[in-house]
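Residues per chain are reported as follows:
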Amino acid sequence: MRFQDAKPDGRAIVYAHIQADALVARAAALLEGATTVQRVLARAAMNGESTEASAWRAMFPTLFGAAAPSPGDPVRDRSEAILAVALEVADRGEQTRSQFRGAIVEAVTERLIASRTGPVRRERRILFDGRPAEIHPYDVTVEAEVRPEAWDCKWGARGIKADVLHQLDDARRGAADEGGALIVGLVVFDARRSCEVRLVREKGAVSLEGLKVIALEGLERLAGRKPA
Amino acid sequence: MVPTVGDCVIRAIAGLDVLAATAEAVEDEWQYVTDLGTVWRGRFGQVVALRGSEPAPPGAPEAMEALVAEAALITDPHRAIDWLSTLPQIALAALGESA
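From first to last, the protein sequence lines stand for chains A and B. Going from the first sequence to my numbering is simple: count from 1 and add 33. Going from the second sequence to my numbering is simple: count from 1 and add 60.
Chain A with its partners taken away, still in its complex shape (with noise of 0.2 Å):
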């Protein structure tokens, strides 16, 4: 088993624009950190209609309402900056703020990998000696000599696809037919509730158990932390 770099197409070179983009870096940052209903407020925001912030805050009282903590604590602040970021996301318009929500996916994903191990790389491919290769590359990789890992990473629930599930077990069969073992799995910014939904319909004969999902709710499992 070996990784690789993708072929870059004319897709990926724009993609890679949105990647290095600072607004993507300046989200991920905030919600390395971010708790579970910062996280919602995040994906609430970036993908909404309402472009004032007020509206925001009347939906999530527990951040900005009276009980919250006051302006000028450290939770409320990251809770502001993540509101500014996300409206400044949604106002990139619907198909580049789809593209910018999956950059950010995968930016806190490495993110949150590179707290724990390493070393961690973005859109490669996995070789395996007598099978085709992959077209498809895994948005975060784990190269470790023990316990490589693979991940891909979706904004929504409705992201995971069959062919998705398909392409990730492929990879552990792989690895495990060369006497090796890779960690693979998915990374949904969406409630574990809807993952499960979405899980049953896709999964076809694909077998689910050595497939990790970490959804919204649980994120810190990547950094090999519990969920608050």
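A couple of the hints might just be wrong.
As the list claims (entries may be wrong) - Per label pair, the in silico range of CB-to-CB distance:
id: 1; chain 1: B; residue 1: G112; chain 2: A; residue 2: A261; range: 20 to 28 Å
id: 2; chain 1: B; residue 1: A81; chain 2: A; residue 2: E229; range: 17 to 25 Å
id: 3; chain 1: A; residue 1: L160; chain 2: B; residue 2: G102; range: 23 to 31 Å
id: 4; chain 1: A; residue 1: A209; chain 2: B; residue 2: A85; range: 38 to 46 Å
id: 5; chain 1: A; residue 1: Q128; chain 2: B; residue 2: T98; range: 25 to 33 Å
id: 6; chain 1: A; residue 1: P41; chain 2: B; residue 2: P118; range: 46 to 54 Å
id: 7; chain 1: A; residue 1: E229; chain 2: B; residue 2: E87; range: 19 to 27 Å
id: 8; chain 1: B; residue 1: G102; chain 2: A; residue 2: A256; range: 25 to 33 Å
id: 9; chain 1: A; residue 1: V47; chain 2: B; residue 2: D136; range: 16 to 24 Å
What the hints assert, rightly or not - Partial selection, computed: residues in chain A whose CB lies under 10 Å from chain B:
id: 10; residue: E65
id: 11; residue: T69
id: 12; residue: A88
id: 13; residue: A91
id: 14; residue: F93
id: 15; residue: A101
id: 16; residue: S103
id: 17; residue: G189
id: 18; residue: E229
id: 19; residue: R234
id: 20; residue: G237
These are calculated hints, taken from the structure and not from any lab test. Given the structure is predicted, the values throughout are model-derived calculations rather than measurements. Heads up, the beta-carbon is just placed ideally off N, CA and C, and yes, glycines get one too.
Fit chain B to the supplied structure of chain A, relying on the hints for placement.
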């Protein structure tokens, strides 16, 4: 009369209904839309069973109104599908519940 947790859930489900009606335009996802509605209504049902008669937490009734208003703004069926998962998470957070 003081709004209760149950009152808030009724408003949240109204928002969920609006989104489900918008999302149904995506025929390929009809089953997923239906399943999402079922599981999240079930989660709301659990909250009502345990806390329905409790006074709503501060800000929660206003949060539900803002949430239902946001759901009504969503006209794109694909975004509505995404919001079928997002809306319950926001509503439950406002009630101090996990998703």
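For a quick check of understanding: which of the numbered hints are violated here, in increasing order? Violated: hints 3, 10, 16, 20.
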